[in-house]
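Using the sequences provided together with the hints, build the complete structure.
Number of protein chains: 4
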Amino acid sequence: MANSRFEYVKSFEQPDVLLPNTWIVVRIDGRGFHKLSDHYAFAKPNDRRALDLMNAAAVEVMKELPDLCIAYGVSDEFSFVFHPNCQLFERRNGKLVTTIVSTFTAHYIYKWSEYFPERPLLPPYLPSFDGRAVIYPNNRILRDYMSWRQVDCHINNLYNTTFWTMVLQGGMSNTDAEQELKGTVSADKNEILFKRFGINYNNELEIYKKGTVLYRQVCANFYDIALSVSTGANMSQQYELEEPKPAKSPADEESPVAESQQSRSQQDKIRKLRRKAQVVIDHVDIIKDEFWEKRPWILSGNPGKLPA
Amino acid sequence: MANSRFEYVKSFEQPDVLLPNTWIVVRIDGRGFHKLSDHYAFAKPNDRRALDLMNAAAVEVMKELPDLCIAYGVSDEFSFVFHPNCQLFERRNGKLVTTIVSTFTAHYIYKWSEYFPERPLLPPYLPSFDGRAVIYPNNRILRDYMSWRQVDCHINNLYNTTFWTMVLQGGMSNTDAEQELKGTVSADKNEILFKRFGINYNNELEIYKKGTVLYRQVCANFYDIALSVSTGANMSQQYELEEPKPAKSPADEESPVAESQQSRSQQDKIRKLRRKAQVVIDHVDIIKDEFWEKRPWILSGNPGKLPA
Amino acid sequence: MANSRFEYVKSFEQPDVLLPNTWIVVRIDGRGFHKLSDHYAFAKPNDRRALDLMNAAAVEVMKELPDLCIAYGVSDEFSFVFHPNCQLFERRNGKLVTTIVSTFTAHYIYKWSEYFPERPLLPPYLPSFDGRAVIYPNNRILRDYMSWRQVDCHINNLYNTTFWTMVLQGGMSNTDAEQELKGTVSADKNEILFKRFGINYNNELEIYKKGTVLYRQVCANFYDIALSVSTGANMSQQYELEEPKPAKSPADEESPVAESQQSRSQQDKIRKLRRKAQVVIDHVDIIKDEFWEKRPWILSGNPGKLPA
Amino acid sequence: MANSRFEYVKSFEQPDVLLPNTWIVVRIDGRGFHKLSDHYAFAKPNDRRALDLMNAAAVEVMKELPDLCIAYGVSDEFSFVFHPNCQLFERRNGKLVTTIVSTFTAHYIYKWSEYFPERPLLPPYLPSFDGRAVIYPNNRILRDYMSWRQVDCHINNLYNTTFWTMVLQGGMSNTDAEQELKGTVSADKNEILFKRFGINYNNELEIYKKGTVLYRQVCANFYDIALSVSTGANMSQQYELEEPKPAKSPADEESPVAESQQSRSQQDKIRKLRRKAQVVIDHVDIIKDEFWEKRPWILSGNPGKLPA
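Protein chains in written order, with my numbering: chain W, 2 to 309; chain R, 2 to 309; chain Z, 2 to 309; chain X, 2 to 309.
There is no bait here: all hints are sound.
Identical chains blur together in the list; that is why a pair holds if it fits in one copy or across any two.
Here are the simulated DSS-like cross-link-like pairs (lysine-lysine), alpha carbons at most 30 Å apart as the crow flies:
| # | residue 1 | residue 2 |
| --- | --- | --- |
| 1 | 11 | 210 |
| 2 | 183 | 210 |
| 3 | 11 | 183 |
| 4 | 190 | 289 |
| 5 | 277 | 96 |
| 6 | 96 | 45 |
| 7 | 11 | 36 |
| 8 | 277 | 36 |
Derived from the structure by calculation, the hints contain no laboratory data.
Structure (structure tokens):
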């Protein structure tokens, strides 16, 4: 075929498969959102509608990609997390990242008019996002990543809340506010807010202080089905059986063999069940253990039931 | 700062800078467009509006990224090409690919209603695209890449045109048409079209047969400015001075030093000029030399003037 | 300086840092050792001197690179293991692999005459080795890697022992022996050895059946010093304090922060202590837990004392 | 088979194939040679025997790997160059680099006693080398790389020659000599050598001033055979036919298709012929065109005959 003479160019494509058995985090960021937020007059320091639109687009991404087990968003960025046993697109970096970036963008643009009905999109101010994948070798580091983003949310939000209060309510110039905040610590900012403006930072909205976490809510019934699917056992099995056994040696991480030994059809069933699970939008602490202990299926990668 | 305890997670981000002095091709592909084209009832074998929408979105990408020097589209795919001396985003693979994928998606969604006013988008059938970057070490291989895509366009379009004519005009079942076409060569398909349906394939639209090539049209005046910028010479210089000198030794490719010695401000000026150049939508042969010889600025990476 | 005109070529060097907090295994293999073993008349199925030479060279590599915590050798291959907290050469893949390959080769060539005094090396039959690095995200998978190599050792040695006994003692042709062994399982081979030749495979030398494992033997005194160095605590601390605490949540892997917070001087002291520890040559089971439980410092990366 | 349970660990091995159609340079460097040269009392500023040993080891590498087309050495480093059409080890980075590093090390250790009969090697002062591969997309950049190394040789040698003459003949302390040389240019150093010590730097040995270049000398007869092999033509063809045709368009680099269309047996024959060609040790300018123009087969990758 005439085609064959040129087909050698395919040999320049280089593999980009991510290391097996590692957490995959795809973080996307708004491109030029500083300028964009000015153009569409986003409220300062937080625009609730803009955040709700980010979250709505992220929920759609979660729905389209059942392999995603959790996501965390703050400002114009969102981190989507695939479990270490994820095999989607053979774990190809480019495929995973571009699929998420494009799907997110599509829904963001599509839903814009719903959240900003009075400010229609107008090129060249069309929102877009870039993204990257990073892999993390174990649960502790994945959680440190999530904590890093939430601490960042807190620090930025406290700063921005103080800054914009000083400017908008206090009538200060941007420069003066910036100057005064230079070198201050959290306590200083809390004090400025409270003493000068009577604002208790703790009473700010959780969505601003904590950002947004998305995960699948798994109902008891769903869990039982999933469990019987994944183990082949009967329905009467209890969740406790799924809990990681107590460590006996330094080498007792869960073997990845189990996963790869799941038949393809079993994996398909689990994916189907995941797809049906409701995606929850929450604004809670994900740094402490409590969040993760109450939702063990997120880190385990196995659907499980909520504690009674 | 409290943040620092978690910031070590940044160290897991791995560099993905593309080899210097190589062509970068970012090819994007529609995700699940087979299903999508059924849902929105795209015409067979080609839907003119769907192609025009692809092209319109690609033009916007070209406009937003003046570093792009050429693009080629066929069906639901588009290839965007950066010159070997491109330094955009420090040539980071992920950044380049996701920016293009997201920008393209944004415009595609945004412009949909303009091209398909009577068929509004409806989730979950929201178009999205994945993408990848491939690098090519020299002009010959870059051109072979472009030829590969255009040959692919030709082969697929001849097949699809014949197949759908047999089905839609000839009343054959899909299976029967597929069966008859198995093992046929181009001549056979041309004959089927002509003898049975009176269709001369050569008379089909160029956009279907050749796909779409996008590039910047450079006017003479623009060229003169660019030239004086890039060389520091006065306005009277002629294009001929820019032509590659005849080869004297096997080692005469243009030195990359020149580029890196351009000052940052010079590069900015060239980018600005590029941004102003009109993006042309064309449907022509890009396999033969003629296309490239007439537009030397595409492969040279230097703006140039059109032959009189 | 004249040099600068060409120095841009350095920009083509691409980073190859291995993902942090993962085990690094560098496996080296003899190049063309089949031919080489014929040329120097290695004994079949195992040449004790050749294995001792491999082990001697590997011990020297362990001595030169105190960051190595364990190594495993079989036939003409050796796997060297760096702990997840290893920072040697900033974890650059190429640097780690070539250093090990070259150091091993140097000692192998240097010591050859000691092990094969009557068969001097003669080019072009000069032994050389290639190598590669692979990273593993957790202890379980690192141990599965080690098990993989030792199972391989067992399978190959049982086959080779049976094959060469059939040929050398049984007078069979290579082809006939190969033919008879096709499709046999372990029990069959054990029976052939025992019934025909009166050989109990269990009585074969451990070095042949188990391969060779190298690790640092840590004396009690050494451990106490190391502990006080790594924790800043006084000498009376017991090893038990160092043991991983029982798991409380799915996220309890040891935090990498601890390591990175070790001061540079502390790390230097530990490296110095490691350097002094004796490298042990052993031929034991490394698949079961016992080996690892008795030597907790191997997986923990912290020097520890032997159980009494 | 029992083995299968652990074999999944192979999936962690990541591909490292180098981009096709690019020059591959493997540069190796002595590890800790500063200390080593003190220990074995290498002469300052250059030890002829040490350089000869480097070159002898490099010649053996060239002989063992006929795919290498040129190599350049200076001090304790050597750069080995594979042609863009090289397919050795499927162009796997690790395999290429470790094979060269190990082969070089083996010969270096093996030949040591021949060059330093009175200074036997004694661990732990055993020479070893690390290495890395870098790819370059075209001839110009490959030549710039070679020039970079030779300019480096010149600059270092002029400095070292001046420094050691000031110390060894002039009786200066190392510190004083270093101090005086700070900020000097080439002319200054030449003058110091000439005025104070009557040394004309131009009369220094070429091996010190230019370093060492290794390449295969191709005889006329060999060329004719190779040509008929590679083209299928008869013996009467002239070299001129092999020369790159004058450029017609910016896209006229030699197509890589030609190479991949060479049959496997043709490639084997060329490799065999290369293996027979004598490896020449030379100390000449490789920055100017002359060296390359006289030996066109180096950059072309096709054996050719010397101009009459």
